[in-house]
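So the protein lines, in turn, are chains Y and E.
Here the working numbering is used: position 125 in the first sequence is 125, and no number is missing along the way.
Here the working numbering is used: position 78 in the second sequence is 78, and no number is missing along the way.
No lab work stands behind these hints: they were computed from the structure.
Be a bit skeptical, because a hint or two may be false.
Which bits of chain E does chain Y cover? Going by a derived footprint, with three or more residues having C-beta under 8 Å, they are [stated by the list, open to error]:
no., segment
1, 20-33
2, 38-44
3, 50-64
4, 99-105
This structure is a prediction, so every number in the text was calculated from the model and none was measured.
Using N, Cα and C, we set each Cβ at its ideal position, and we do this for glycine too.
The lines below spell out each chain.
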Amino acid sequence: MIFPLLMFILLSVSYIWGKTSETRHFSSLARREEETKHHPFLAEQLKYFYKPVRFIGIASSSVVMGGGLFRHFWAYLRNIVGGHVAAYESLQERARREAILRIKEAHPHADYFLNAKIETINVRWTMVEVIVWATVIYLEPENADTL
Amino acid sequence: MILTTIENVPGYTIIEHYGLVVGSTVQTKNVFVDIMAFFKNLIGGEIQSYSQLLESSREEATARMVEQAIEAGANAVINIRMSTVSIIGGAAEVFVYGTAVKMIKK
């Protein structure tokens, strides 16, 4: 009797906590994406720029996220009948968007992020890690002597 | 040392290739952090201790790759790729590799 009750409490706490933190995280992502939308984050390579390149380097970031007990329980049930496991899709999406934002926020004055790569792995248990890396490019400012 | 994920650096020409350079590191946190991560995983959200671990692992792997490139005589590493693999519970390998080259300004 104690075990089902304990599971029910854990699942309830996990659901309420997970739902609240996910909603908060999505609204935070939307706000920060709006703030950094002017930084082109591209999966392609550009060979020519309209101004000389001042600095070129590599930028990377990673996020490890745990899904929570309720999400795993729900995914387990979903796996029985098959189909989209939306609970995990949103977890992966949050981790990916967060990792991209961290790169952008670490280089707020960068002009381009080129040839961006995104990789997702399972670190441990049901935690996912998203790793993002890209070439960061700073162009010469408008009033630079080199122009 | 120029590090990029692209094949050509604007304003530079590649004059010599030194081949593949790699850097890797396997790191783990202590058992207390693992226990905390386990509980955090139950309720969900970011596991910051693991994020920091992988962050420092990546920096170290990159530094090892750069060391190898410097030894080869390169001044840039292009087309850099990163990879992470979970080896055993709590330990992850971070692997960084790229092509070491010598570049000069056009």
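Taking the hints in turn, this is what the structure says about them:
| no. | hint | result |
| --- | --- | --- |
| 1 | 20-33 | violated (count 0) |
| 2 | 38-44 | holds (count 6) |
| 3 | 50-64 | holds (count 6) |
| 4 | 99-105 | violated (count 0) |
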